[in-house]
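Peer 1: So you can see what is in the structure, the chains are spelled out below.
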Amino acid sequence: MKQQQYNTLKDQITPKIPILINCLKAFVVGGLICSIGQAISFLYMIFFDFTEKTVGNPTVATMVFLAMLLTGFGQYRKLGQFAGAGSAVPVTGFGNAVISAAIEHRSEGLVLGVGGNMFKLAGSVILFGVVSAFFVALIKLILVSVGVASW
Amino acid sequence: MRKALLGISLIVILTGCGDREKVVTYSKTDNTQHQHEVEKLFEKDSEIEQVNIVVIENELFVAMQLKPLKKWNRKKIEDRWQKKLEKQFANTTVNVSADFKMFWESTKLMEEKDQKKMMEELQHLKKLAKEET
Chain A
1 MKQQQYNTLK DQITPKIPIL INCLKAFVVG GLICSIGQAI SFLYMIFFDF TEKTVGNPTV
61 ATMVFLAMLL TGFGQYRKLG QFAGAGSAVP VTGFGNAVIS AAIEHRSEGL VLGVGGNMFK
121 LAGSVILFGV VSAFFVALIK LILVSVGVAS W
Chain B
152 MRKALLGISL IVILTGCGDR EKVVTYSKTD NTQHQHEVEK LFEKDSEIEQ VNIVVIENEL
212 FVAMQLKPLK KWNRKKIEDR WQKKLEKQFA NTTVNVSADF KMFWESTKLM EEKDQKKMME
272 ELQHLKKLAK EET
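Residue numbers (this note's numbering), protein chains in the order written: chain A, 1 to 151; chain B, 152 to 284.
A hint or two may mislead.
Cut-off 30 angstroms, straight-line C-alpha distance, at most; resulting in silico cross-link-like pairs (DSSO-like, lysine-lysine) [as the list claims (entries may be wrong)]: (1) B:Lys267 with A:Lys53; (2) A:Lys140 with B:Lys226; (3) B:Lys234 with B:Lys278; (4) B:Lys154 with B:Lys226; (5) A:Lys53 with B:Lys259; (6) B:Lys278 with B:Lys268; (7) B:Lys154 with A:Lys53; (8) A:Lys53 with B:Lys191; (9) B:Lys227 with A:Lys140; (10) B:Lys281 with A:Lys53; (11) B:Lys235 with A:Lys53; (12) B:Lys221 with A:Lys140; (13) A:Lys78 with B:Lys154; (14) B:Lys234 with A:Lys140; (15) B:Lys235 with B:Lys281; (16) A:Lys140 with B:Lys267; (17) A:Lys53 with B:Lys226; (18) B:Lys238 with B:Lys191; (19) A:Lys140 with B:Lys259; (20) B:Lys278 with A:Lys140; (21) A:Lys53 with B:Lys195; (22) A:Lys25 with B:Lys222; (23) A:Lys78 with B:Lys277; (24) B:Lys227 with A:Lys53; (25) B:Lys154 with A:Lys25; (26) B:Lys277 with A:Lys53; (27) B:Lys235 with A:Lys140; (28) A:Lys140 with B:Lys281; (29) B:Lys268 with A:Lys53; (30) B:Lys267 with A:Lys10; (31) B:Lys218 with A:Lys53; (32) B:Lys173 with B:Lys221; (33) B:Lys222 with A:Lys53; (34) B:Lys173 with A:Lys140; (35) B:Lys222 with A:Lys140; (36) B:Lys195 with B:Lys259; (37) A:Lys53 with B:Lys234; (38) B:Lys218 with B:Lys267.
Keep in mind the hints are simulated off the structure, nothing from the lab.
Isolated chain A, as found in the complex (with noise of 0.2 angstroms):
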């Protein structure tokens, strides 16, 4: 078999990927994800001391604490199935990136198996989070200087 026929084989086999289902999927799934985040900022603003200016971090530890927990309830996998990208792109992907490679390693012992794989897939978000947060702080830097933009 040549290789082109083998791709024209392999298109007629392969199931046809529903782009447009899955992104109104994600769509709803995630704007829910924030939704709820949403709610529970204004918990914290009612309810405690917190401005909308310090709220953010309450809320997000909150939301990743949640996610850990369905996480461990195998919840999570299944939103994660339905809604791809709707699950895995809010804050609430990174908790669920930790305990699951947690989980997965947990027979390899507590500080090799546990403790070792943990950040393996959380560790590039933090640290390609903290390296885009430095440029988007430098790029705010810059414009604050010129004048464009304030604090």
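Given chain A's structure and the hints, the job is docking chain B onto it.
Peer 2: Just chain B, lined up with the frame of chain A:
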């Protein structure tokens, strides 16, 4: 599922009905001219959705909610109003905030009867507005 969706959409629609005036003022001062001038200034501004103005003695506390797209320039708008009000009311301590927390608390503050408690709350809010962490 369908019933839950219907319920949620009904709640969303009904929350849109809870309309209130754009400018709400609480005043505990003899100088009412102050109050009317400030109210007029805020009524004209198209960037602001709702505003609470609390005037106690020589304290002027303004908590506003900006229109969604104007929130990008929150700091600029706050600073502009702060300068504008400070210039207009030289002998008054002016505090302007576009933070939701300040707006929420000032709405609650307006219902407070005890003036001493109100003053304490106001000082707490001013401190909170400066909080960074």
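Peer 1: Confirm or reject each hint.
Peer 2: Hints and how they fare:
1. B:Lys267 with A:Lys53: holds (28 angstroms)
2. A:Lys140 with B:Lys226: Holds, at about 15 angstroms.
3. B:Lys234 with B:Lys278: Roughly 19 angstroms separates the two Cα atoms, so the pair holds.
4. B:Lys154 with B:Lys226: violated (43 angstroms)
5. A:Lys53 with B:Lys259: At roughly 20 angstroms apart (the allowed maximum being 30 angstroms), B:Lys259 and A:Lys53 satisfy the hint.
6. B:Lys278 with B:Lys268: holds (15 angstroms)
7. B:Lys154 with A:Lys53: At roughly 37 angstroms apart (the allowed maximum being 30 angstroms), A:Lys53 and B:Lys154 break the hint.
8. A:Lys53 with B:Lys191: holds (29 angstroms)
9. B:Lys227 with A:Lys140: holds (15 angstroms)
10. B:Lys281 with A:Lys53: Holds, at roughly 10 angstroms.
11. B:Lys235 with A:Lys53: holds (23 angstroms)
12. B:Lys221 with A:Lys140: holds (19 angstroms)
13. A:Lys78 with B:Lys154: Holds - the C-alpha atoms of B:Lys154 and A:Lys78 are around 23 angstroms apart, at most 30 angstroms.
14. B:Lys234 with A:Lys140: OK: B:Lys234 and A:Lys140 at ~24 angstroms, within 30 angstroms.
15. B:Lys235 with B:Lys281: holds (20 angstroms)
16. A:Lys140 with B:Lys267: Since the Cα atoms of A:Lys140 and B:Lys267 sit roughly 43 angstroms apart, the hinted pair is violated (cutoff 30 angstroms).
17. A:Lys53 with B:Lys226: The given pair, whose Cα atoms are some 11 angstroms apart, holds under the 30 angstroms limit.
18. B:Lys238 with B:Lys191: Status holds; Cα separation ~16 angstroms.
19. A:Lys140 with B:Lys259: Cα-Cα ~36 angstroms, so violated.
20. B:Lys278 with A:Lys140: holds (27 angstroms)
21. A:Lys53 with B:Lys195: holds (27 angstroms)
22. A:Lys25 with B:Lys222: holds (29 angstroms)
23. A:Lys78 with B:Lys277: Outside the cut-off at roughly 46 angstroms; violated.
24. B:Lys227 with A:Lys53: Holds, at about 15 angstroms.
25. B:Lys154 with A:Lys25: It holds: about 21 angstroms lies between the C-alpha atoms, which stays within 30 angstroms.
26. B:Lys277 with A:Lys53: holds (14 angstroms)
27. B:Lys235 with A:Lys140: holds (27 angstroms)
28. A:Lys140 with B:Lys281: Holds: A:Lys140 and B:Lys281 sit about 22 angstroms apart, inside 30 angstroms.
29. B:Lys268 with A:Lys53: Holds, at about 26 angstroms.
30. B:Lys267 with A:Lys10: violated (79 angstroms)
31. B:Lys218 with A:Lys53: Holds, at about 17 angstroms.
32. B:Lys173 with B:Lys221: Roughly 16 angstroms between the alpha carbons, so the hint for B:Lys173 and B:Lys221 holds.
33. B:Lys222 with A:Lys53: Within the cut-off at roughly 12 angstroms; holds.
34. B:Lys173 with A:Lys140: Between B:Lys173 and A:Lys140 the Cα gap is close to 34 angstroms, so the pair fails against 30 angstroms, i.e. violated.
35. B:Lys222 with A:Lys140: holds (17 angstroms)
36. B:Lys195 with B:Lys259: holds (25 angstroms)
37. A:Lys53 with B:Lys234: Given pair A:Lys53, B:Lys234 holds - Cα atoms ~21 angstroms apart, limit 30 angstroms.
38. B:Lys218 with B:Lys267: violated (33 angstroms)
Violated hints, in rising order: 4, 7, 16, 19, 23, 30, 34 and 38; the structure is consistent with all others.
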